[in-house]
Amino acid sequence: MDNPVHKLWKFPGGLPLEGHKSLSTGQSVIDSSLPSRLILPLQQHIGEPAEPVVKVGEKVLKGQLIARANGYVSVPVHASTSGMVSALTDLPVAHPSGLSAPCIVIEPDGEERWTERHPVPDYLDLDRGKLRNLIREAGIVGLGGAGFPTFIKLNPGPHRPIETLVLNGAECEPYITCDDMLMRERAEEVIAGVQIMQYMLGAQRCIVGIEDNKPEAYAAIRAAIEDPAIEVVQVPTRYPAGGEKQLIRVLTGQEVPSQGLPAAIGVVCQNVATAAAVYRAIVLGEPLVSRIVTVTGQAIRRPGNLQVPIGMPIDELLAEAGGTLENLDRLIMGGPMMGFALPTDAAPVVKTTNCILAATQAEVAPSPQAQPCIRCGACVEACPARLLPQQLYWHTRAKEFDKVQDYHLFDCIECGCCAYVCPSHIPLVQYYRYAKTEIWAQERDRQRADLARQRHEHRLERLQREKRERAERHRKKKAALAASTADEAQKKATIQAAVARAKAKREAAATQSTSVDTTLEDHPLPAKPDPQRVQPPTRARSAAKGKGV
Amino acid sequence: MGPLLPSSPHVHGYSSVAAVMQQVLFALVPGVAALLWCFGWGPLVNMAIAALVALATEAAMLAMRRRPVVSTLRDSSALVTALLLAIAIPPLSPWWITALGVAFAMVFGKHLYGGLGHNPFNPAMVGYVVLLISFPLEMTVWPRPYALDLGPLQTLSTIFGNLPPGLDGMTSATPLDMMKTQLGMMHTVEEIRTDPLFSTFSGTGWEWVNGGFLAGGLWLLYQRVIAWQIPAAMLGSLFALALLFFAVDPDTHPSPVFHIFSGAAMVGAFFIATDPVSASTTPRGRLIYGAGIGALTYIIRTWGGYPDGVAFAVLLMNMATPTIDYYTQPHVFGAPEDKSGEPE
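Chains A and R supply the protein sequences, listed in that same order. Once you know that position 176 of the first sequence is 175 in numbering that gives the first Met the number 0, the rest is easy, because the numbers rise by one and skip nothing. Once you know that position 32 of the second sequence is 31 in numbering that gives the first Met the number 0, the rest is easy, because the numbers rise by one and skip nothing.
These are computed hints drawn from the structure, not numbers from a lab. Note that CB positions come from ideal geometry on N, CA and C, so glycine has one too. Do not rely on the hints blindly, as some may be mistaken.
Said to hold, decoys possible - Chain A side only, calculated, beta carbon under 10 Å to chain R, not exhaustive:
hint, residue
1, Ile331
2, Ala377
3, Glu380
To be verified - Selected chain A positions facing chain R (in silico; Cβ < 7 Å):
hint, residue
4, Gln253
5, Ser257
6, Leu260
7, Ala262
8, Pro335
9, Pro371
10, Cys372
11, Ile373
12, Arg374
13, Gly376
14, Gln389
15, His407
16, Ala418
17, Tyr419
18, Ser423
19, Pro426
Said to hold, decoys possible - Calculated Cβ distances over 10 Å to all of chain R for the following chain A residues:
hint, residue
20, Leu64
21, Leu90
22, Pro107
23, Ile151
24, Asp211
25, Asn212
26, Gly284
27, Arg432
The following block holds chain A by itself, in its conformation from the complex (with noise of 0.2 Å):
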């Protein structure tokens, strides 16, 4: 069966580099022994750390469910073998900053006893949503290094149609070669799980892109395709080629939107170790315990790829492949263009360790001291995602973070080929890196201010409420008063009002009687009044606030 010729584009920029991938391809991918202990950091993946369900002191089997997932984007932490949870500690992670991070530690017994598994093969039986939900709690996440939760990415939601599966088997950094082993050795697996996932997206097509530096990958991988809606292309060796956006560009000609998803348009990428992750979880009903990992470099003794359980300590994970050499000078998680140089090595393998890289100097040598930019412009040339390298790094060192936005700073995937090409030898990407958590703390203490602000003007809200409530209780007393001194005025004018009636009464019968001695009647006792003369209150109310008090 002939392939029909696909038709590639290109990706703007990027870099042939020397791939060094034969030093650890000679040999068949190893099971490595289990470790002395194992410890699963919580956060293995992009989001919320799992929580822990087990106890310090308390018996687990393999594949049982450890941490739960917390939240959305989070997925939950197996045991990767049987044995007895002995801590619950802050231990070092694999992590450029070197700090710690609360992980669980297993000691194995050595039995590697699994838990009980629920196998699905009859995966079309189920609906999306249960296969999602299974994907999840058996912990996937990318395992090309990024480690987003798997299951959301196959949930791109209805308003988005996913027409391409792109299944990344390019694996463009140099020294890694733990994708393409698992293609040569597992090409069923790495199908079966496209399947799964083609289904679950229900993507017309799929596209599993290798670089042409892996013919023996191509090879069983075509050989293991029988599904005509799949399809397995070549593509050219250059780096960045197995960035997603990279591979999606060279695979379909599309550009993924500038800080947008590959689903919106129409894509969804995985990669192939996800995709056999992901047939093991639903068809053997095996949560993630394990990954191949390439142990590589000249500073290596045994070179290659083992099958390692997540959770190994390294420093047991490097004895394993016979130890490091004298001439190690550096420890790098991940490839030389992205990997970063690791602080420790008694950090363990987590789900998204792709490589260690034990390297002599001559290896990575370290750069010269860096010489001012000349603003020759091969990071322009360089750069995969068409931005101006040398003007993000003028306004970095100038700590104009707006400017640098302007540039699009976020579009960078510190992919390192600026850096790479700079005849300055300018660390670029640490720029880059720096500028952004520049932004993002500036975003934080915004948001802080922000949220500052808020509550300061919701007290003055609250204040203002409170005098105008205030002043309202006060106008009410006094308008009461106001009512009540009226009341006064009309008693005095009904008092007087019947004295002079009195007066007029007794003048009137004076002249009547013409009594002449009147001195008496001319002081009289005031006459008690009426109760039903004065006048209600009500009205005195009504008098009051027409005055407007």
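Could you slot chain R onto chain A? The hints should help.
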């Protein structure tokens, strides 16, 4: 492993500033050889003076600015400035003209702005323009091509003030200068070009000099030291404008070939306009920048007060560079086309 961990990428290419600069110096060889062939030993003496003064001035400025002296001198950028200026100076100019120009270029053109990478103007052209404005007579008198009969030592002593007898007979205006003055005297291009100062393409000798710089420039392009946009746009716009006026009135406008093979056209297009520090740095910007230099060169040559205009054109476009760069940002990967990736 120390407390400060190296950051990715952990591998690097083999390029360096010094390597770039040395390739530029190497590419000057054919053009300089043609200069020497046509005009005697003078340019070589000037280059030596310029190199010495440039290195000394750079070292002094670095020391005053408390920057590493030796490692910075090794980047060879001072030599590039010095040699580009030296080849623009008439071969038998007194030594102090070269020295003054180079010193000015290094101090005012480069280090007062902050040294390599920070100068907005091409330092060699800053030095050249200062000399041209200050010493117009000395700066416009060139030897007649192939007419100079001075050995290396005689040349040296000439440059240091011992003028040999009959020197005046050996010098003349440059072809561009001659063309300009004669056109001003209502001669036609055809009449002017009968003078032995002119040859097939352009000026006698000058066509070889320009051809040499063209060859070196093509090599730089092949080595990917320079990008194609600036030389192509500069020569293209100079050629196109010259062609336009030549087509309208060939009697008063020399041919486009004459223009691109005269004066500093080739050295300007491949070696001066491409100075990365002061040039535009975006792909589209480089086209605009180069085209601007070509157009300004033609305008100054044709209607301006100077026979050649490359230096002024370069400096004028240097001024426009930040603006050009700002408005010619490439479309970021995945950015919608209509937004054109420009900052809001």
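Right, here's what the structure says about each hint:
{"no.": "1", "hint": "Ile331", "result": "holds (6 Å)"}
{"no.": "2", "hint": "Ala377", "result": "holds (7 Å)"}
{"no.": "3", "hint": "Glu380", "result": "holds (8 Å)"}
{"no.": "4", "hint": "Gln253", "result": "violated (9 Å)"}
{"no.": "5", "hint": "Ser257", "result": "holds (4 Å)"}
{"no.": "6", "hint": "Leu260", "result": "violated (11 Å)"}
{"no.": "7", "hint": "Ala262", "result": "violated (13 Å)"}
{"no.": "8", "hint": "Pro335", "result": "holds (4 Å)"}
{"no.": "9", "hint": "Pro371", "result": "holds (3 Å)"}
{"no.": "10", "hint": "Cys372", "result": "holds (5 Å)"}
{"no.": "11", "hint": "Ile373", "result": "holds (5 Å)"}
{"no.": "12", "hint": "Arg374", "result": "holds (5 Å)"}
{"no.": "13", "hint": "Gly376", "result": "holds (5 Å)"}
{"no.": "14", "hint": "Gln389", "result": "holds (6 Å)"}
{"no.": "15", "hint": "His407", "result": "holds (5 Å)"}
{"no.": "16", "hint": "Ala418", "result": "holds (5 Å)"}
{"no.": "17", "hint": "Tyr419", "result": "holds (5 Å)"}
{"no.": "18", "hint": "Ser423", "result": "holds (6 Å)"}
{"no.": "19", "hint": "Pro426", "result": "holds (6 Å)"}
{"no.": "20", "hint": "Leu64", "result": "holds (34 Å)"}
{"no.": "21", "hint": "Leu90", "result": "holds (18 Å)"}
{"no.": "22", "hint": "Pro107", "result": "holds (29 Å)"}
{"no.": "23", "hint": "Ile151", "result": "holds (21 Å)"}
{"no.": "24", "hint": "Asp211", "result": "holds (21 Å)"}
{"no.": "25", "hint": "Asn212", "result": "holds (17 Å)"}
{"no.": "26", "hint": "Gly284", "result": "holds (38 Å)"}
{"no.": "27", "hint": "Arg432", "result": "violated (7 Å)"}
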